[in-house]
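S.K.: Sequence:
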Amino acid sequence: MNPNTLPCSKGAHKVGAPFVTGSVGGAGDDPQVAEMAALTRRVAAEHKLGFRLAEIRAHISPAFLERKIRRDEIVPLGGNEPLTEDTLQNLSAAVGQMGAEPFLRALDEKATLILAGRATDPAIFASVPLHRGMPAATAWHAAKCIDKGYLATTRPRDGSPVLARITDRDFTVEPTREGSRCTVSTVSGMVVYENHDPFRIAQPEGIIDTTEALYTQESETRVRVTNSRFVRHETPTVKIEGASIAGYRAAIMAGIRDPRLIADIDAFLALYLETFARVAQSLGISEEQYQLQFRVYGRDAVMGDYEPLRDRTGHEVGLLIDLIARTPELLARLSPRLAATGSRLGMDEGAVGGGNFAFPFSPAVFQLGAVYEWSVWHVARLSDAEMAEIFQIAISEIGP
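Each step along the sequence shown adds one to the number in the working numbering, with nothing skipped, and position 87 is 87.
Keep in mind that the hints were calculated from the coordinates and are not lab data.
A virtual CB, placed ideally from N, CA and C, is assigned to each residue, including glycine.
Any given hint might turn out to be false.
Stated by the list, open to error - When the alpha-carbon atoms are kept at most 20 Å apart in a straight line, the in silico SDA-like pairs for lysine to any residue are as follows:
1) K148 x T183
2) K14 x K148
3) K148 x D158
4) K110 x E178
5) K110 x I393
6) K14 x K68
7) K239 x A93
8) K110 x Y193
9) K148 x E178
10) K110 x A388
11) K10 x I398
12) K239 x T84
13) K68 x T235
14) K10 x D30
15) K68 x S244
Claimed, not checked - With beta-carbon atoms standing in for the labels, derived distance ranges:
16) A332 x D86: 24 to 30 Å
17) H233 x Y193: 21 to 27 Å
18) S396 x F361: 20 to 26 Å
Given only the sequences and the hints, what does the whole structure look like? Please build it.
M.R.: This is the structure we're talking about:
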């Protein structure tokens, strides 16, 4: 549990305010919600706290996605390919990113502690003001300005929470820690964070429109925001996120200090790939059954082909050797050959290798388990019935 969760939940209990959180456990899938709910029950019992708990699920089944695919009701985001039923074969998990609507249903059920699965950050903060009757424009925009907390202040390293006061006309944002300030720059900057368009911020229920928003420094520490707008969708849209198993990984971190290898590192790595392919072939394993990739730290490991200083290599480099095989069995057969193939590889005829790599650890090969990749990054329009089907709510009484 987040170390801030207990004092926040105790504080909410003390003042009679609902405690609302979402994307619990990071992924926000059903196992994380269930685990957090179990932990919450134990903590509530230990501290003698009573809550009406709402657990909001966000898991999306492959069957649901198949139905949306067949109806042509799901579209890709960010240049991704259209979702196909074949993609779902290796799907490990998928979640829908809920907006405020499921939170409002939970609040209608008089929940005082809400643990929600995957959600947009603003939805978590907008839910209570919306439930109390605040206009969507100010509630959603205020939520967006505070959903990263201390980043809206001049001293983010201090971790100061922020407080939004919302009216039917405007809202203010201020820090809660002495010595920190909210400024026009820090508060308005929150709509830029993680958004490709800071003037139109998409949410499941609609668009937070900040085109005409006016940010005013009301005091040394407080900012007032007016002219917010919220443009509601005719039908809610939900972003769906999913991951699939891409294979199983082993890796090596090795240092190279031989100036000959560093000077001709690309040729060395090409020879490494070629030699490893022959080794794999001798084991009856084709190149289609594994991936072998390299990152050269000290040259271009961070930016790759975009590195402008790629030719400025130092006296040593770090080589990350990354092997992904389709199955654990294939990985078990390939990974023992990984270190020796490169360490003993001679660049010249007659030149004997054996000391190409300096290994900081023993054993040199790290077995890193399953590898996941984004496979679902799509948007679907959902009916009210589908919203209720995906974002199911379980209510229970916990504590004394």
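S.K.: A separate judgement is required for each hint: does it hold in the structure or not?
M.R.: Status of the hints after comparison with the structure:
no., hint, result
1, K148 x T183, "holds (15 Å)"
2, K14 x K148, "violated (24 Å)"
3, K148 x D158, "holds (13 Å)"
4, K110 x E178, "violated (34 Å)"
5, K110 x I393, "holds (12 Å)"
6, K14 x K68, "violated (44 Å)"
7, K239 x A93, "holds (14 Å)"
8, K110 x Y193, "violated (33 Å)"
9, K148 x E178, "holds (18 Å)"
10, K110 x A388, "holds (17 Å)"
11, K10 x I398, "holds (14 Å)"
12, K239 x T84, "holds (16 Å)"
13, K68 x T235, "holds (15 Å)"
14, K10 x D30, "violated (25 Å)"
15, K68 x S244, "holds (19 Å)"
16, A332 x D86: 24 to 30 Å, "holds (27 Å)"
17, H233 x Y193: 21 to 27 Å, "holds (23 Å)"
18, S396 x F361: 20 to 26 Å, "violated (47 Å)"
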